[in-house]
Amino acid sequence: MKKDTIAAIATAMSNSGIGIVRISGSESLDIVRKVYKGKELTDHAIHYGYIVDDTETIDEVLVMVMKGPHSFTGEDTVEINCHGGVYVVKRILETVVKYGARPAEPGEFTKRAFLNGKMDLSQAEAVIDIINSKNKYALQSSVSQLKGNVQKKIKEIRAGILYHTAFIETALDDPEHISVDGYGEKLRVTVDYLLKELERLLKSADNGRMIKEGIKTVILGKPNAGKSSLLNALVGEDRAIVTDIAGTTRDVLEESIQLHGISLNIMDTAGIRDTDDIVEKIGVNKAKKQAEEADLIIYVVDSSRELDQNDYDIIDMIGDKKSIILLNKSDLTTIVTKDMVKSYIDKPMIEISAKKEIGLQELEETLRNMFFDGEISFNDEVYITNIRHKTAISDAYESLKKVLFSIDNDMPEDFYSIDLLDAYESLGSITGETIGEDLVNEIFSKFCMGK
Amino acid sequence: MKYSANSVWENKDEYDVAVIGAGHAGCEAALASARLGLRTIVFTVSVDSIALMPCNPNIGGSSKGHLVREIDALGGEMGKVIDQTFIQSKMLNKSKGPAVHSLRAQADKANYTRTMRKVLENQENLEVKQAEITDILTEDGKVFGVQTYSGAIYKCKAAILCTGTYLKARCIYGEISNATGPNGLQAANYLTDSLKSLGIEMYRFKTGTPARIDRRSIDFTKMEEQFGDERVVPFSFTTNPEDVQIEQASCWLTYTNEKTHEIIRANLDRSPLFSGMIEGTGPRYCPSIEDKVVKFADKNKHQVFIEPEGLDTNEMYVGGMSSSLPEDVQYAMYRSVAGLENVKIVRNAYAIEYDCIDARQLMPTLEFKKINGLYSGGQFNGSSGYEEAAAQGLIAGINAALKILGREQIVIDRSEGYIGVLIDDLVTKESHEPYRMMTSRAEYRLLLRQDNADQRLTPIGHEIGLISDERYQYLLDKENIIIYEVERLEHTNIGANQEVQELLKKYDSTPLTSGTTLAELIRRPELSYEILEPIDKNRALINKCEQKCVDNVDKLAQEVMEQVNINIKYDGYIKRQQKQVEQFKKLESKKIPEDIDYDVIKSLRIEAVQKLKHYRPISIGQASRISGVSPADISVLLVYLESYRK
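Chains A and B, in that order, are what the protein sequence lines are. For the first sequence, the working numbering gives the first residue as 1, with consecutive numbering after it. For the second sequence, the working numbering gives the first residue as 1, with consecutive numbering after it.
Pulled out of the complex, with its shape left as it was, chain A reads as follows:
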């Protein structure tokens, strides 16, 4: 069942200042009471205390309670002000979710505020725009951020659930042809297996290995500027194919790397140039699209060649986005200097040689400083996506546990499919798939009905 109390991080996801986790809905006070240690919570007051998850203390916080209708959303609302570290804010959100809240849908707080009459009519359109733009991003991110193997695993688990549900349902619809007697024991084996798989997924969600989370960093540069060499140098392995031929990288390559605890999701792109080659053109367009969505751009300049129209195009694309400019091939005779570039674009600049791995240290330090100064931050939707996924998996896990409970308690077989379908639906919310006619189609395609 969909929970009615929602929670979200209300501040930007960066490592600076204060973080706020906001909870809204009829159960928000009850939920916070389960995780808060301190003076009794009273209406419209600020309380000092701690957020704890069972025995673990997560952070020292200020908790503000606003009972409906005197709150932003018009519902009972609690705001937890904590230290602004990304990890802490995320941990607090996860904890309130664990104790009964649900990660808010994009724009949901604003939507509730509007529906509860807390905003006037002129704001309605703005609300719709927020819902829309945030959803557009969330839709993109929820599937595309999922790692390929995770997506595959979830699909496998869903297929397994669907098959067994369809079998039970076929037997119920056509009991004279198909018997489901004693199916519980057979199902138990499958459910045990699926539970283990889900446990593994949950663990990988905890370790952040499930989605490509991190600062979305896009490497840009004209062909043969050494972008792929840079990626390989950062990753420490030959991930991208490096040749002397311009235009070798035609698609976007992605890698996650950790630099002093900061995770970067690095994308190597096709070199930007005006080209007639259709395949290369697609690559160039993709690169441009990635750049638009990037949190950070690393612009690789080939300092052994003159700046040309391709470079000017890239500089236009960067605009005022957060970026670092690398003057690559410092090991060769350099033609392009910092000052020359600076006359076009003013960003942090470092001379490096990706090939000889010179200057990488300085790049890492620059990145780290930018992050801790709050200059670059995560796109918070990515984090939220991860928490949503995690919630969905643990909901599915709970549902499958209920199936085991029904089997253990000798419940009739038709009760199994109720929880099986709930699990199926929860997992579907990760891959963006609904139940729709899946079950009916599976029944007809896999099993022979009578008549």
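Note that these hints are calculated values from the structure, not bench results. The model shown is predicted, which means the values in this text are computed figures rather than measured ones. Do not take every clue at face value.
[What the hints assert, rightly or not] Incomplete in silico selection of chain A near chain B, CB under 7 Å:
id, residue
1, LYS111
2, ALA113
3, ASP173
4, TYR183
5, GLU413
6, LEU439
7, MET449
[Unchecked claim] Distance condition first, Cα-Cα at most 20 Å in a straight line; then the derived EDC-like pairs of lysine to aspartate or glutamate:
id, chain 1, residue 1, chain 2, residue 2
8, B, LYS94, A, GLU176
9, B, LYS585, A, GLU442
10, B, LYS301, A, GLU176
11, A, LYS118, B, GLU642
12, B, LYS590, A, ASP4
13, B, LYS586, A, GLU105
14, A, LYS446, B, GLU642
15, B, LYS299, A, GLU442
16, B, LYS295, A, ASP4
17, B, LYS429, A, GLU255
18, B, LYS94, A, ASP181
19, B, LYS506, A, ASP410
20, B, LYS295, A, GLU442
21, B, LYS155, B, ASP298
22, B, LYS429, A, GLU442
23, B, LYS429, A, GLU425
24, B, LYS299, A, GLU176
25, B, LYS575, A, GLU398
26, B, LYS429, A, GLU433
27, A, LYS401, B, ASP571
28, B, LYS222, A, ASP410
29, B, LYS575, A, ASP4
30, B, LYS586, A, GLU27
31, B, LYS505, A, GLU433
32, B, LYS586, A, ASP4
[As the list claims (entries may be wrong)] Using C-beta positions, here's what the derived DEER-type ranges look like:
id, chain 1, residue 1, chain 2, residue 2, range
33, B, ASP599, A, GLN151, 35 to 41 Å
34, A, ASP320, B, ASP599, 34 to 40 Å
35, B, LEU253, A, VAL189, 29 to 35 Å
36, B, ASP219, A, ASP192, 44 to 50 Å
37, A, TYR312, B, ASP599, 40 to 46 Å
38, B, ASP597, A, GLU293, 32 to 38 Å
A virtual CB, placed ideally from N, CA and C, is assigned to each residue, including glycine.
The hints should help you fit chain B onto chain A, whose structure is shown.
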């Protein structure tokens, strides 16, 4: 030839409602309308074929049994008639949970038809007329009459289309194609064009039926005999259970074999399906035997049920072997089955093609969105099955009548009944085959049980005017006793005394270590309300029932017992579904104004705008079930509606 201009005349008799077709949908529609006091006329191509069962000789079955119970709870007729005319009855899925228990009865087809016809003929305000309707007459988008093949005009305020499988029907087997309806009955060949000229979009669907064989040519010694239940449960809540304890007929089970499958495979090229002669879309759940052999090639046998068509006939129905293969192949194929080696075929198997509609042109009331006063129900709406048809016919009949009476029309929602699921699916979802009710389609099925159909729907039937005050009062009394009894059991403590322990031991139930309540004991799978009687000292159920005005105390006591057991045993699951229903109702109750202009709502995705404009859902809930409308679109709609309201 249809009428010519000089044979057109107007019948001056006045009618409120004209029902076109007297099959299972038409009968319920006509009866409901007439019973609500409206002058009703029902047209049929043959009075002898009223409530005909042209395919299987049963009523009910998984989830279809639920529909019959719901029809009965609302004041429909099907349950009463089958209770009088069944020759065998079974409660299916009895070893499963109460949600999937479902009644299925073998009918004496001729008796069923005769009995229903008698009900129609004796119904006040109802007139039966043999005639083919060829035109629906409208003015300014509103129905004002119907016209027959011979040119007669019957004026009416509403018309209900219940044409079943008769529109441009064609029966096919092998290379043979007959332009007839089922059973060689006259097809209705003109109405489709009239409907198309009104702007109605038509589909062409297909279904099929197996052969009927001569009982005397069957070797039953090679088959397994199938009996009915020892204690029969009636369909209708008004039937006295003692009246249905009859001597029952048997059915028989046999199997196809490799040889059967070989014959079929060798002749596939002669099937009209494979040759492309049949264009209609057939149902996946009711495959012909040739479909089964092709699709499930790894199965080396399929079940075949031999079922009597009635007590006064030797014809037997061959369940599981519907086909459209040529006649000679049919003989070879049936005769390869154990027990049918020398079988004589009375009627050949055939496939039937017919015109029907995309039901998304209907509102959930079953009235056409585009045509005021035109309703439809049954197979015409793209469903299949007698029960599905009857359920829609009943709702269409009720709503046509309520509309004329100026009262608010009814919509049963998905949380109130299988009827709601059926109609909502039909008018909301895309379908490419005849729609069959299935228990997996009901998301709240734990609440939509066949045993509580009266509690769910009889109050609505009473409100409409199809349920008598007396029957309604019986229900209220029953509900009060159930509530009282559940409360009492939840609060009756029971100690671990010797009498209790012995009873538990007798039923292999774990002995008590400390006190508990009677309700807790009932929750144990191996125990029940009945079993606990000896240790339940304050039980006065019979007295409670007697205090009420009821003449059948045993019946009431039985019904109460069943409900108490279910309510206590499945309490946790039931509460969970009730919570889901609350959420569901929130969206259902958010109505979308009829004159909404989706084009002005910025931020709706183009696909959503197109779908919403085309199907014009009545509520946010219905909108959310249209494919191509995303949750984000729903959010946008909600916000828009809120600002619209202000």
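For this session: Return holds or violated for the Cβ distance of ASP219 of chain B and ASP192 of chain A against the range 44 to 50 Å.
Result: holds (48 Å)
Exercise. Does LEU439 of chain A pass the interface hint, meaning its C-beta sits closer than 7 Å to a C-beta of chain B?
Worked result: Cβ of LEU439 of chain A sits 5 Å from chain B, so the hint holds.
Exercise. Straight-line Cα separation of LYS299 of chain B and GLU442 of chain A no greater than 20 Å?
Worked result: holds (18 Å)
Problem set entry | Proposed proximity, GLU433 of chain A with LYS505 of chain B (alpha carbon, max 20 Å) | violated (50 Å)
Exercise. Under the criterion that the straight-line Cα-Cα distance not exceed 20 Å, is the pair LYS301 of chain B, GLU176 of chain A satisfied?
Worked result: Holds, at about 15 Å.
Exercise. Within a Cα-Cα threshold of 20 Å, do LYS586 of chain B and GLU27 of chain A meet the stated pairing?
Worked result: At roughly 18 Å apart (the allowed maximum being 20 Å), GLU27 of chain A and LYS586 of chain B satisfy the hint.
For this session: For the pair supplied as a hint, LYS401 of chain A and ASP571 of chain B, confirm whether the alpha-carbon distance does not exceed 20 Å.
Result: Holds: LYS401 of chain A and ASP571 of chain B sit about 19 Å apart, inside 20 Å.
Problem set entry | Assessment of proposed distance window 40 to 46 Å (beta carbons of TYR312 of chain A, ASP599 of chain B) | holds (43 Å)
For this session: Please work out if LYS590 of chain B and ASP4 of chain A have their alpha carbons no farther apart than 20 Å.
Result: holds (18 Å)
Problem set entry | chain B contact restraint for ALA113 of chain A - C-beta distance below 7 Å | With Cβ-Cβ at 11 Å, over 7 Å, it is violated.
Exercise. Would the hint on ASP173 of chain A stand, with a C-beta cut-off of 7 Å toward chain B?
Worked result: With Cβ-Cβ at 5 Å, under 7 Å, it holds.
Exercise. Can the restraint linking LYS295 of chain B and GLU442 of chain A be considered satisfied, given a maximum Cα separation of 20 Å?
Worked result: Holds, at roughly 14 Å.
Hint compliance for this structure: hints 2, 4, 9, 14, 16, 17, 21, 28, 31 are not met, and every other hint is.
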